[in-house]
Amino acid sequence: MLNAEKNKKVILDLTEGGYYFAVRKDGQNIARSCDGLNCEDCIFDEEEDCGCSFSRMKWMLSEYKETAKLSKLEYEFLKWSEKKGHKYIVRDKINHLFIFKDAPIKRENCWVPESSYCSIALFDNLFKFIKQEDEEPIAIKDILENCEVVNDAEE
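Numbering-wise (this note's numbering), the sequence shown opens with residue 1096 and increments by one.
These aren't lab readings, by the way, just hints derived from the structure by calculation. It is possible that some hints are incorrect.
Claimed, not checked - Cβ-Cβ distance ranges computed for the label pairs, FRET-style:
(1) G1180 - A1216: 17 to 27 angstroms
(2) A1216 - C1129: 41 to 51 angstroms
(3) H1191 - L1107: 44 to 54 angstroms
C-beta atoms are modelled at their ideal positions from N, C-alpha and C, and glycine is treated no differently.
My request is simple: use the sequences and hints to build the entire structure.
Structure (structure tokens):
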């Protein structure tokens, strides 16, 4: 399902009134009028050369991704990992978590690093949405851009 399909009613309601719509970087108020929202707080502010209209169209035609619900600990850990240069997180065949600086390659249910990586087995009971069956590594940036921090990640 495309983002445009998932958010069709809200987008139509806003644009019918002559407003642009925005998507907040923090994942709240998925579609809302641009009024009262700083550009730097909107995901459409990312395209340096093309402007937000191009970014908005690209987003509408992209696949909808379910918002990851993270505990405060998970969120802060991912932010810290990203600051340290780690870009990907995966779960291996025995359910251990790893973070990588470069995208690892999956071979017969194990992840082969291209460069530096770190086991984070201490956090194996967290990040339940990361599955050992995943065929591609999960980009930490993508999680942080599409998450909601909740008091209890089970909510």
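* Output the numbers, in ascending order, of every earlier hint that fails for this structure. => Failing hints: none at all.
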